[in-house]
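One-letter residues, chain by chain:
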Amino acid sequence: MDSLLNNITSSTFLSPIWISLKIAILAGIIVVIIGTIAGYFLARRSFKGKAVVETILMLPMVLPPTVVGFLLIVIFGKNSWAGQAITWLFDRPIIFTWWAAVLAAIVVSFPLMYQSAKSGFLSIDRDIEDAARVDGANDWKVFWLISVPLASKALISGAILSFARALGEFGATLMFAGNIPGETQTIPIAIYLAIDSGQMTMAWLWVGAMIIISFIILLTIRVKE
Amino acid sequence: MTQLIFEHISKSYHSGEPVIKDFHFETKEQEFIVFVGPSGCGKSTILKMIAGLENITSGRLIIDGKEMNNVPTRERNLSMVFQNYALYPHMTVYQNIAFGLKMRKEKKTDIKKKVLKAAEITGLTGLLTRKPTDLSGGQRQRVALARAIVCDNPVFLMDEPLSNLDAKLRTQMRREITLLHKRLATTTIYVTHDQTEAMTMADRIIVLKDGSIQQVGTPHEIYETPANLFVASFIGSPGINVLEGKVESNGITIDGIPTIFSRENLRTTREALVGIRPEHLIIDEYNPLLTATVEDLETLGADTIIYAKHNRIHLTIKAPGLLSFSKGDPLPLSLTGEHLLLFDKESKKVIL
Ligand SMILES: Nc1ncnc2c1ncn2[C@@H]1O[C@H](COP(=O)(O)OP(=O)(O)OP(=O)(O)O)[C@@H](O)[C@H]1O
Ligand SMILES: [Mg+2]
Numbered sequence: 001m002d003s004l005l006n007n008i009t010s011s012t013f014l015s016p017i018w019i020s021l022k023i024a025i026l027a028g029i030i031v032v033i034i035g036t037i038a039g040y041f042l043a044r045r046s047f048k049g050k051a052v053v054e055t056i057l058m059l060p061m062v063l064p065p066t067v068v069g070f071l072l073i074v075i076f077g078k079n080s081w082a083g084q085a086i087t088w089l090f091d092r093p094i095i096f097t098w099w100a101a102v103l104a105a106i107v108v109s110f111p112l113m114y115q116s117a118k119s120g121f122l123s124i125d126r127d128i129e130d131a132a133r134v135d136g137a138n139d140w141k142v143f144w145l146i147s148v149p150l151a152s153k154a155l156i157s158g159a160i161l162s163f164a165r166a167l168g169e170f171g172a173t174l175m176f177a178g179n180i181p182g183e184t185q186t187i188p189i190a191i192y193l194a195i196d197s198g199q200m201t202m203a204w205l206w207v208g209a210m211i212i213i214s215f216i217i218l219l220t221i222r223v224k225e
Numbered sequence: 001m002t003q004l005i006f007e008h009i010s011k012s013y014h015s016g017e018p019v020i021k022d023f024h025f026e027t028k029e030q031e032f033i034v035f036v037g038p039s040g041c042g043k044s045t046i047l048k049m050i051a052g053l054e055n056i057t058s059g060r061l062i063i064d065g066k067e068m069n070n071v072p073t074r075e076r077n078l079s080m081v082f083q084n085y086a087l088y089p090h091m092t093v094y095q096n097i098a099f100g101l102k103m104r105k106e107k108k109t110d111i112k113k114k115v116l117k118a119a120e121i122t123g124l125t126g127l128l129t130r131k132p133t134d135l136s137g138g139q140r141q142r143v144a145l146a147r148a149i150v151c152d153n154p155v156f157l158m159d160e161p162l163s164n165l166d167a168k169l170r171t172q173m174r175r176e177i178t179l180l181h182k183r184l185a186t187t188t189i190y191v192t193h194d195q196t197e198a199m200t201m202a203d204r205i206i207v208l209k210d211g212s213i214q215q216v217g218t219p220h221e222i223y224e225t226p227a228n229l230f231v232a233s234f235i236g237s238p239g240i241n242v243l244e245g246k247v248e249s250n251g252i253t254i255d256g257i258p259t260i261f262s263r264e265n266l267r268t269t270r271e272a273l274v275g276i277r278p279e280h281l282i283i284d285e286y287n288p289l290l291t292a293t294v295e296d297l298e299t300l301g302a303d304t305i306i307y308a309k310h311n312r313i314h315l316t317i318k319a320p321g322l323l324s325f326s327k328g329d330p331l332p333l334s335l336t337g338e339h340l341l342l343f344d345k346e347s348k349k350v351i352l
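Chains as they are written, first to last, in my numbering: chain A, 1 to 225; chain B, 1 to 352.
A hint or two may mislead.
[Stated by the list, open to error] Distance ranges between label pairs, derived from CB positions:
1. B:Thr-109 x A:Met-61: 43 to 53 Å
2. B:Lys-345 x A:Ser-119: 53 to 63 Å
3. B:Asp-303 x A:Asp-125: 36 to 46 Å
[Said to hold, decoys possible] Incomplete in silico selection of chain A near chain B, CB under 10 Å:
4. Ile-37
5. Asp-127
6. Ala-132
7. Lys-141
These are computed hints drawn from the structure, not numbers from a lab. Just so it is clear, CB atoms sit at the ideal spot from N, CA and C, and this is done for glycine as well.
Whole structure, please, built from the sequences with the hints as guidance.
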C-alpha cells in the first residue's frame, strides 16, 4: 500500500501527466482559435481551389501518425528551410523539444476542430447574420455576437474532441518530439515504454489516469448538454 | 426625406440566368411602394440588393443622391423585415429588438424606452423575456417587425411582414405600419402576396414577373388600366374573366355574342382578348346579354362569388349580398361597356 502511494506521488508518475495536460491544453487553445477561424472562413467564402484547400486541412485526420511525424521532421527538421528559420529565431531547433510535441498535437487535432466549426457555421441561417448587418453590426460583431454563439454547440464539441485527440497523440509525437523524460514524455509514450520494460504497475497507474481524465472530459460534455 | 433610384439594375446569381432584368425605377420621397408578383419573380432579391446583402450585377442603386453599390450594409441606415423573420435565436425578444440600438451605441435608458415602445405597438409587451423558439409564428413575425421599427431608419424594407398573422391582427398591423410610415416619414418598400395589403397600403404598386417590371402605378391605375393581361389577371380577387373577342366596326363580339359596345378609336376589324372583372358582370333578368349556367357558389358574407359556365367558357361573377342559386340554374348576365378591357392576342398588351 505504501509503495502504491509512493508511486502515485512520485515525479516519475506525475511528470508525464503534467506534460500531457500542458501540451493538450496549449495545443487545444491554439487549435480552437485557428480551427474556428478556418472553419468560418471556409464556410462563408468561395474561391478557386477551395476543395483542394479543404482536403489538405482534413488530411492529418486520415494519414497514419507515422506519416504525419515523418512530414513534420521533413518540414521542420534541422536541414529544412522552416527548421533553419526556427533555429535562427530561437537559437535551437524545434525537433525533440516540448514545442515539437505541441506542434504535433496541433497538427493531428486541428481537423477535428476545423470540421466541427465549419459544419456549425454552415448550419446557421445566413439571413440571421444578414439581419445583424442590417442592424448595423460590422463583420467582427456579426462573427462574435451572432455566428459564434449560434455555432457554440459545434465549437464546444469540436474543442473537446481536439483536446482528447491531442491528449492521446502518440506516433507523431514520438517521432518528432522524441521520448525525453520530463520534457516530451507524454502519458501514451510512458505507457508504451512501461509495458515494454515490464513495469506493469506504472502502466496500470497511467492507464487509470488516462481513463479518469477522459471520463471527466466526456462527463463535462454531457452535463453541459 | 429619402429617395431611392434604381438605374437599369440587373442581377444574376453565379453564372445563371438573370433573375432581375433592367429594373429601372425612382421612388418619390417618403413613398410607400409595394412589390407584387408570383413566387420566384425576384422581389426578395431586389430588397436584398437595396440592403447590400446581394451585390448588383449591373446598374446603379442611388439612395439620397449617393451611389450605394459598394457601400456596406451597416452604413446604409435601413431597416428590414426578413421573409423568414431571421430572429436572433439565442437572444430574448427584448435583446432582439434592442440589438440594432446597441450597435449604434445608444444609451441604455434610451434603448429601454424605445424597445418598450416598439413592443407596445406590436403587442409584445408580455413576451419580452422569451426566446424566439418559445413564440408562435405570428409572434415571431411581430418581433421581426418590432426590430425593424425600433431604429427609425429613413428606409424600410419589408418582405411579407404580415403573412403569418390572423385576419384581425393583420388589419391592425396594417394600420400600424401605415401610421408609422406617415409618422416616421420613411421610404418603404413592401413585398406582399396579399392583394388587400397592396391595394390599401401602397402609394404605388410595382408588378413584377420573371424579374421584369410589368407595370408601375397607383393601386387605382393598376386595377382599372392594367398594362397587359398578366397584370390584369394577377391583380384582383377573384381573378378577371378572359374571353375570346373580336373588334368590329359595328361593335365588339364577346365569346361569339355580338354587343353594341364599341371603341371610337378602333375602326379596323381585329381579334382580341376581352377582360371583364367579376364585379362587372351583373345579374340582369330583364335585359341579359347572355345566359350562363350556375356551377358553384361561395358566400363571403357581404358578397357572393358565383362560378358559371357559358358555352365552353368558365365565368366568375362577384355579386353583392347573399344570393342563393343551385347548380344548373340559369344565370342571366349583362355588363357595361366602360369596364371592358381589350388585350392584343399576340403581345397580350392592353389595347387602349
Ligand atoms: N442564393 C441564390 N442563388 C441562386 N439563385 C437564387 C438565390 N436566391 C434566389 N435565387 C433565385 O432568384 C429568383 C428570385 O428569387 P426571390 O427569392 O427574389 O423570389 P421572390 O419573388 O422573393 O419569391 P417569393 O415570393 O417566393 O418569396 C428565383 O428564381 C430564385 O430561385
Ligand atoms: Mg421572397
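Outcome of the hint check:
1. B:Thr-109 x A:Met-61: 43 to 53 Å: holds (52 Å)
2. B:Lys-345 x A:Ser-119: 53 to 63 Å: The hint (53 to 63 Å, Cβ to Cβ) holds, given that Lys-345 of chain B and Ser-119 of chain A are roughly 55 Å apart.
3. B:Asp-303 x A:Asp-125: 36 to 46 Å: With Cβ atoms ~41 Å apart, the hint holds.
4. Ile-37: At about 21 Å, which exceeds the 10 Å cut-off, the nearest Cβ of chain B leaves the hint on Ile-37 of chain A violated.
5. Asp-127: Holds. Min distance 4 Å.
6. Ala-132: holds (7 Å)
7. Lys-141: holds (7 Å)
Hint compliance for this structure: hint 4 is the single one not met.
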